[in-house]
Amino acid sequence: MKKIAIFGYNLRSFEAISRLDQNLYDLLIVEPDSSLAALAEEKGYKTALIDFRSDEALNSIGLGKDIEIIFCFLPEDSENVFLTLSARALDQNLNIIAIVDTAQSAEKLIAAGANKIIDPYQICGQKIHELITKPDIANIIDHTVFGRNDLHVAEILIPENSYLDNTFTSELTLNEKHNLVLLGIVDKELGDDLHFSIGEKDHKLDPGDIIVVMGPSREIKAFKKEVEYVQSNKI
Amino acid sequence: MLARIIVYFCYFLKTSDRYRQTKRFFYDLLENPQSKMKSYFDVFMICLVMLSVFFLVYSVEHTLNTTGEFFEQVVVFIFISEYLLRAWLFSDSHQIIIKEYEKTEYLNIRFNLLNTLRLVFAKKLEYMLSLFAIIDLLAILPSYRPLRILRILLIFRMFKLFRYSNSIKVFADVLASKRFELITLAIFMGFLVFISSIAIYLFENNSSGGNVRHLYDAFYWSIVTISTVGYGDITPITFGGRLVAITLILTGLGVLAFFTSIIVAAFSDKMHTLRENRTYAELSRYNDFIIICGFGRVGQEVAKQFKKDQQAFVIIDKDEHNIFLAKEQQFLAIHDDASINAVLINAGINNGATAVLCTTGNDVINVYITLTSRYLNPEINIISRANRQDNVSKLYQAGANTVIQPFEIAGLLAAEYIGQPVAFEAILGILQDQKQISMETLIVQPNCLLEKQKIGKLDFENRKLMLVGVISTNQKHRKHRNRYKVKNQHFYFNPEQNFELQEQDILVVLGRKYSIEYFQDQIKKSSLNIGS
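Protein chains in written order, with numbering that gives the first Met the number 0: chain P, 0 to 234; chain H, 0 to 531.
Think of the hints as simulated: they come from the structure by calculation, not from any bench. Please note: incorrect hints may appear among the correct ones.
Some chain H residues well away from chain P (every beta-carbon gap over 10 Å; in silico) [stated by the list, open to error]:
no. : residue
1   : L116
2   : I167
3   : Y219
4   : N286
Derived coverage of chain H by chain P (criterion: at least 3 residues anywhere in the stretch with Cβ under 8 Å from a Cβ of chain P; other residues may be distant) [stated by the list, open to error]:
no. : region
5   : 293-302
6   : 383-390
7   : 408-421
8   : 467-481
9   : 489-499
10  : 503-512
Simulated crosslink set (SDA-like; lysine to any residue; CA at most 20 Å straight-line) [said to hold, decoys possible]:
no. : chain 1 : residue 1 : chain 2 : residue 2
11  : P       : K133      : H       : K486
12  : P       : K42       : H       : D389
13  : P       : K200      : H       : F459
14  : P       : K133      : H       : I522
15  : H       : K453      : P       : N178
16  : H       : K486      : P       : D149
17  : P       : K176      : H       : G455
18  : P       : K200      : H       : R462
19  : P       : K133      : H       : I505
20  : P       : K176      : P       : G198
21  : H       : K484      : P       : D141
22  : H       : K512      : P       : T132
23  : P       : K200      : H       : E460
24  : P       : K133      : H       : E439
25  : H       : K463      : P       : F167
26  : H       : K478      : P       : E175
27  : H       : K478      : P       : N178
28  : P       : K133      : H       : D520
29  : P       : K45       : P       : S33
30  : H       : K463      : P       : L171
31  : P       : K133      : H       : A311
For glycine and all other residues, C-beta sits at the position ideal for the given N, C-alpha and C.
Make the full structure from the sequences, and use the hints.
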């Protein structure tokens with residue numbers, strides 16, 4: 000079970016916390032403010048009331064030991080930058096995801112060592128723009144990506160000895176066999192970039208490649224199972 | 000009998016479409032500040048006046064040849080037509096007559112033609128006595144031969160220039176707004192000039208050995224001195240005269256500084272409104288623009304996107320710094336409170352705006368703006384931002400069509416990134432149109448190559464596109480699987496091979512921009528070909 004520390008219990012983090020599956024992840028809320036920490040505790044989350052400015056305190060909650068991922072959701076960009084810097088110094092392999100307030104802070108956070116920056120205002124602005132220019136697409140994305148309906152986007156790793164090994168993407172015909180749409184593929188032979196499957200290139204699937212599919216959750220689960228089942232059978 | 004004919008004629012004019020259209024045409028040409036024709040006409044008249052003044056200056060030392068004479072006559076003809084047309088446009092005489100006639104009919108008294116005509120004439124006289132009409136008339140009169148003596152009045156042609164630009168009106172407005180200060184100053188200056196004129200006359204008259212011959216000279220000297228111009232053609236020589244001069248110069252400096260400061264202050268007060276008026280004028284040219292309320296981070300991002308699309312928009316924000324930022328990027332911006340009805344009306348919520356975006360960081364303000372906008376325009380598309388989950392329902396209640404939560408999307412993406420980093424990239428790629436790949440809609444137009452086609456027959460792969468689904472309201476598709484309700488239509492995800500497309504269905508495809516555009520063109524072309 001991956002251990003995740005979420006810094007800041009506030010408006011910005013509520014949604015992310017509620018979206019994280021507690022069966023998959025071990026969540027720890029870290030909050031410097033005692034009243035907010037109490038609130039998180041009340042909600043039943045594991046909570047730590049510490050001052051993030053001290054390395055010792057960070058160590059005490061397990062940073063640099065068993066925590067694999069941290070979310071920096073503190074209210075000020077400067078606090079997030081500070082936290083990112085301290086956390087990166089404590090653990091080189093930590094996965095750090097930070098939220099930013101102003102556009103300039105994004106670069107600073109990257110420089111401080113964050114792995115992923117999320118700019119809620121930018122995304123929101125783009126969403127509003129899309130709602131005006133392409134309302135139908137915006138609705139579809141709401142229903143697929145944002146899970147308002149049963150449709151989801153999922154990624155599937157091709158395991159060793161999979162029956163999909165050595166097949167070409169054109170041979171998959173997921174839309175006929177599994178009622179899924181193949182959105183894209185990460186072909187490890189070509190690097191870590193995602194290639195959208197829009198008929199430009201036929202990729203050969205190898206172990207370690209990742210395919211991204213869209214479809215009803217039941218079909219996604221079934222397909223995932225199929226891919227993994229074949230693997231365990233062969234071993 | 001005559002009265003009857005006139006009244007009959009008036010009713011005829013009232014019902015005549017052609018008369019109305021003609022009048023409308025000349026109104027657009029001469030008076031309507033919104034019309035394009037007027038601006039062309041104004042430029043034309045300015046050129047004409049300039050040319051005629053040029054001929055006038057030329058004729059001071061030369062005699063005009065026949066071409067010049069002819070030109071002068073054409074100019075005068077145009078001026079006279081303009082004068083008469085304006086007099087005609089000023090009031091609707093037939094309406095006055097009809098009104099009077101109907102009044103007498105109602106009261107059952109005799110219709111007095113003479114009285115009525117007097118009313119009509121009074122109205123026209125009102126026009127003739129207006130400042131601009133007098134200038135117009137004075138610009139024409141000197142061309143009449145017996146009145147050649149008045150040639151000097153041709154100077155008035157230059158005043159005509161003011162008619163064709165707004166500058167004089169703006170200046171008059173500015174002066175009018177500072178009426179009290181200016182009157183105070185004028186009275187003070189009047190006293191000052193009066194006292195100094197008398198004083199200088201007493202000290203410097205001819206009999207005392209000075210240069211001031213009479214009171215007019217004294218007045219002239221006072222004005223020249225108080226304004227700190229000081230030509231020096233009349234100079235005081237006596238001790239008393241010089242003392243008057245010193246006092247007058249020092250007070251003059253004060254008066255001048257005071258006057259300048261009044262004018263400057265008036266202009267800077269007015270500047271804000273002037274600029275705002277320019278924004279409104281520019282907005283009135285568009286008939287499809289978007290009102291963005293709040294130029295915070297979200298507003299800035301939206302504005303950036305619209306700028307890329309060349310979509311017209313206007314920003315309303317209460318915060319001075321935000322307005323400064325917007326103006327710096329040359330966006331149309333209004334520094335005002337968007338929750339005030341008048342501000343939204345002026346911005347054109349009922350006049351060309353297609354959507355209102357409430358993007359302030361304060362949910363209370365967003366709800367208020369949403370409510371105001373919905374009240375002012377029940378049809379308009381309102382998209383509002385909510386920062387707290389509990390306010391989403393309030394915004395919908397206030398009338399928003401769509402509510403967006405920045406932190407919800409961010410939280411969702413953050414969670415997605417942890418579990419499925421690759422899927423996250425795919426989603427972000429689609430959301431942000433990265434790598435020129437985007438999701439677009441294609442509408443099945445009547446008679447186009449898609450209509451009545453089976454999905455299996457359309458080779459999307461070959462077109463370098465990927466079909467995600469079809470949006471439709473058509474009942475025929477109901478039997479197909481993967482049907483999802485999206486707003487008031489259905490989304491058919493991954494339609495089967497035998498899915499038959501119907502008119503007005505919408506295909507949702509993923510692909511590079513140019514493959515989508517190319518396919519779109521093909522659809523359009525095919526619908527035109529078969530149709531013709």
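Do the hints match the structure? See the list:
Residue placement check: H:L116 keeps its beta carbon more than 10 Å from all beta carbons of chain P (closest about 59 Å). At roughly 42 Å from the closest C-beta of chain P, the C-beta of H:I167 stays outside 10 Å, upholding its exclusion from the interface. The non-interface label for H:Y219 is consistent with chain P: the shortest C-beta to C-beta separation is roughly 66 Å, beyond 10 Å. H:N286, annotated as away from the interface, keeps every beta carbon of chain P farther than 10 Å; the closest lies near 16 Å.
Only residues whose C-beta sits within less than 8 Å of a C-beta in chain P count toward coverage, and the region 293-302 of chain H has 7 of them, enough to reach three; the restraint holds. Beta-carbon proximity to chain P at under 8 Å applies to 4 residues in the region 383-390 of chain H; the threshold of 3 is reached and the given coverage holds. Counting residues of the region 408-421 of chain H whose CB falls under 8 Å from any CB of chain P gives 14; the rule of at least 3 is met. A count of 5 residues in the region 467-481 of chain H with a Cβ less than 8 Å from any Cβ of chain P is obtained; the coverage claim is therefore met, three being the minimum.
By the rule of at least three residues with a Cβ nearer than 8 Å to a Cβ of chain P, the coverage given for the region 489-499 of chain H holds, with 4 such residues. Interface restraint, the region 503-512 of chain H with chain P: holds (5 residues with C-beta to C-beta distance below 8 Å; minimum three). For the hint linking P:K133 to H:K486, the alpha-carbon distance of about 14 Å falls within 20 Å, and the restraint holds. Using a Cα cut-off of 20 Å, the hinted pair P:K42 and H:D389 holds, with the two alpha carbons roughly 17 Å apart.
For the proposed pair P:K200 and H:F459, the alpha carbon gap of about 14 Å is at most 20 Å, so the pair holds. At most 20 Å may separate the alpha-carbon atoms for a hinted pair to count; P:K133 and H:I522 meet this at roughly 19 Å. Note on H:K453 and P:N178: the hinted pairing holds, with a Cα-Cα distance of about 17 Å set against a maximum of 20 Å. For a cut-off of 20 Å, the pair hint linking H:K486 to P:D149 stands: about 15 Å separates their Cα positions.
Proximity of P:K176 to H:G455 is assessed by CA-CA distance (about 14 Å); at most 20 Å being required, the pair is judged to hold. For a cut-off of 20 Å, the pair hint linking P:K200 to H:R462 stands: about 13 Å separates their Cα positions. Of the supplied pair hints, the one linking P:K133 and H:I505 holds, its CA atoms being roughly 12 Å apart against a limit of 20 Å. A hinted pair counts as satisfied when its Cα atoms are at most 20 Å apart, and P:K176 with P:G198 qualifies at roughly 19 Å.
As the CA atoms of H:K484 and P:D141 are separated by approximately 12 Å, the hinted pair is consistent with the 20 Å bound. For the given pair, H:K512 sits about 15 Å from P:T132 by alpha-carbon distance, which is consistent with the 20 Å threshold. Of the supplied pair hints, the one linking P:K200 and H:E460 holds, its CA atoms being roughly 10 Å apart against a limit of 20 Å. For the given pair, P:K133 sits about 7 Å from H:E439 by alpha-carbon distance, which is consistent with the 20 Å threshold.
In summary, the hint linking H:K463 to P:F167 is supported, as the alpha carbons are separated by about 17 Å, within the 20 Å threshold. For a cut-off of 20 Å, the pair hint linking H:K478 to P:E175 stands: about 17 Å separates their Cα positions. At most 20 Å may separate the alpha-carbon atoms for a hinted pair to count; H:K478 and P:N178 meet this at roughly 16 Å. Between the alpha carbons of P:K133 and H:D520 the distance comes to roughly 18 Å, so the proposed pair stays at or under 20 Å and holds.
About 14 Å separates the Cα atoms of P:K45 and P:S33, which keeps this hinted pair within 20 Å; it holds. This hinted pair checks out: H:K463 and P:L171 have alpha carbons roughly 17 Å apart, not beyond 20 Å. With a C-alpha separation of about 16 Å, the suggested pair P:K133 and H:A311 falls inside the 20 Å cut-off, and the hint holds.
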